[in-house]
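Chemist: The chain contents come next:
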Amino acid sequence: MRLWDDPAPGEREAGDRSWDVVRDGYEERIRVPRKRDWRPIAIAAAAAVVVAGAVTSPGHAVFGSLRDAVRGEPNAAPALFSLPTPRSRLLVNSARGAWVVQSDGSKRLLDGYRDASWSPHGLYLIALNGKELRALEPNGDVHWSVGRAGVASPSWSNEGSGDERVAYLAHSTLRVIGGDGRGDRALARGIARVAPAWRPRTHVLAYVDGTGKIVVRSADTGAIQWSSAAQQQSNGLEWSGDGRYLLARGRSSITVFNYTGRERLTPLGPSAAPVVDAAFLPLSHALAFVQRAAGRSTVWFYPQLRPDATAARRVFTGAGDFDRIAWSPDARWLVLSWRSADQWLFIRSAAVRKVIPVSGIQEAFGPDAVPAGWCCP
Amino acid sequence: MAGSRGDERAWIRGAQSGSVSDLEALFRHHWPRAYRAAYLVVHDSAAAEDIAQEAFLAAVRGLDRFDRRRPFGPWLHRIVVNRAIDWSRSRALRRESGDAWLGLAEAPAPPESEHAQTLAAALADLSPEHRAVIVMRHLLEYTPGEIAKALGLPRGTVNSRLRRGLDELAGRLEQDLQ
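These protein sequences, in sequence, are chains A and B.
Mapping of the first sequence onto my numbering: position 319 corresponds to residue 955, and the numbering continues sequentially without gaps.
Mapping of the second sequence onto my numbering: position 110 corresponds to residue 112, and the numbering continues sequentially without gaps.
Hints may contain errors.
Just some of the chain B residues that point at chain A, by a computed CB distance under 7 Å [what the hints assert, rightly or not]:
#1 Phe29
#2 Trp33
#3 His140
#4 Leu141
Please keep in mind that the hints were generated in silico from the structure rather than gathered at the bench.
All residues carry an ideal CB built from backbone N, CA and C; glycine is no exception.
Just chain A, same shape as in the assembly:
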């Protein structure tokens, strides 16, 4: 019957994408040795828990969280057994140190490190240890370090040619050092203790000065490209992946500037509920943000940059505190840290096609564990 033989929309492309995922799943499977002891039973039990979490219906997840909020999501896996995106790695910062979690769930503690973040291709981390800024490999091998008092908020540029820089704060001074550990110098003094943000594919930095203005400046020449009028103090800055927009997160506001600073959108005004975190979807101008109000927290998704928040969609609501969100590198998953429930939720796309809850975060990673970056293969 000819009618039934027509391809469905997207059939071929979906097949190509899915083959990559299925092949990864198969290769993971054939790497697992078969053993005739108690371990297969334990693995099967663990897998059953993961599957139970994986098939939690999205509707149940959303409304369950409102109804049964104290304990978090039901059917949560008791530990993080794997990441939903193959060949990716999740960086976690906690009071014990920085953790690098592989897609198969194995993890390594970089003891005593804090404020860790990925280099552009995930080959290195930049992190703090005591009073030192260190560039190290995910296995803990340190490539270089520099000692400064009051170090905070290091971040790697993503210029693209391999000529990278690292920006960091030393008390209220913004400093920049080469990716090879050379050429450390001060770029600006008297700035706010807010993590600076590199504009992708450039050596241009955005930071918040001591008066609350956002300043966009070349780290190579020191030239200021633009600065914003004073506004609600920004607590976080982030560029969209294409460098066209800069997001400034205030205590209860979100402001988005275009890269020239001449256009400005305020999707969330200063009278809104407190904003805890916000993040652009990779390779997109869509963004997700977390608000906290009346004992509840909500993740919202804003599919397009618009002048107000009326088009924001609610992704997930739960009692207590959410604190961080991070997108997977393929933009298909969002991980949400739900501190009050000691859970992380892996949410499949902003349309909540699937929710994988994972509990026991504090036991696994230590206190104050938050996802700090979900990196490239």
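Dock chain B against the given chain A, drawing on the hints supplied.
Modeler: Same frame as chain A, but now just chain B:
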């Protein structure tokens, strides 16, 4: 579809022994109907991709236990169609619960051919349960008895759903379905 029953047994045997190329042959052979079946039940290309992909991942996880004397398709299709029904039901529940943003979720991509468009539009008027039995009967070409077994339904229920569903489709698809 190309690929005989003997080919399929060889692919399964190869995949069980660690051959990625045999697994790929099995995947390429079964993907179009698995995806199409999911799409025709859920009417959402992203969800269809998830459902078909997860069915294959479940198949990979269970590959060692699979009896290669049995055909692979029915096993896969049972997973696909049941998950597609579950997905459609959960979406309907969310709509009833008044979660407004869900109505804004990604619109499905338009069907690529006139026939596919006609079919998708006609099926959209049916419940997911009716869509599922019609898809299993006419796309996947199972008998009512096989459909009953796959979906865990009495055979009489399958027959009545087929009759009612086809009656509703008849006005729009009369020529194609006869």
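Chemist: Next step is simple, just say for each hint if it's right about the structure.
Modeler: Going down the list of hints, with the structure as the test:
Hint status for B:Phe29 relative to chain A: holds, with the closest Cβ pair at about 6 Å, below 7 Å. About 4 Å separates the beta-carbon of B:Trp33 from the nearest beta-carbon of chain A, less than 7 Å, and the hint is met. Here the hint on B:His140 is kept, as its CB sits about 5 Å from the closest CB of chain A, short of 7 Å. Taken as an interface hint, B:Leu141 checks out: its beta carbon lies about 5 Å from the nearest beta carbon of chain A, inside 7 Å.
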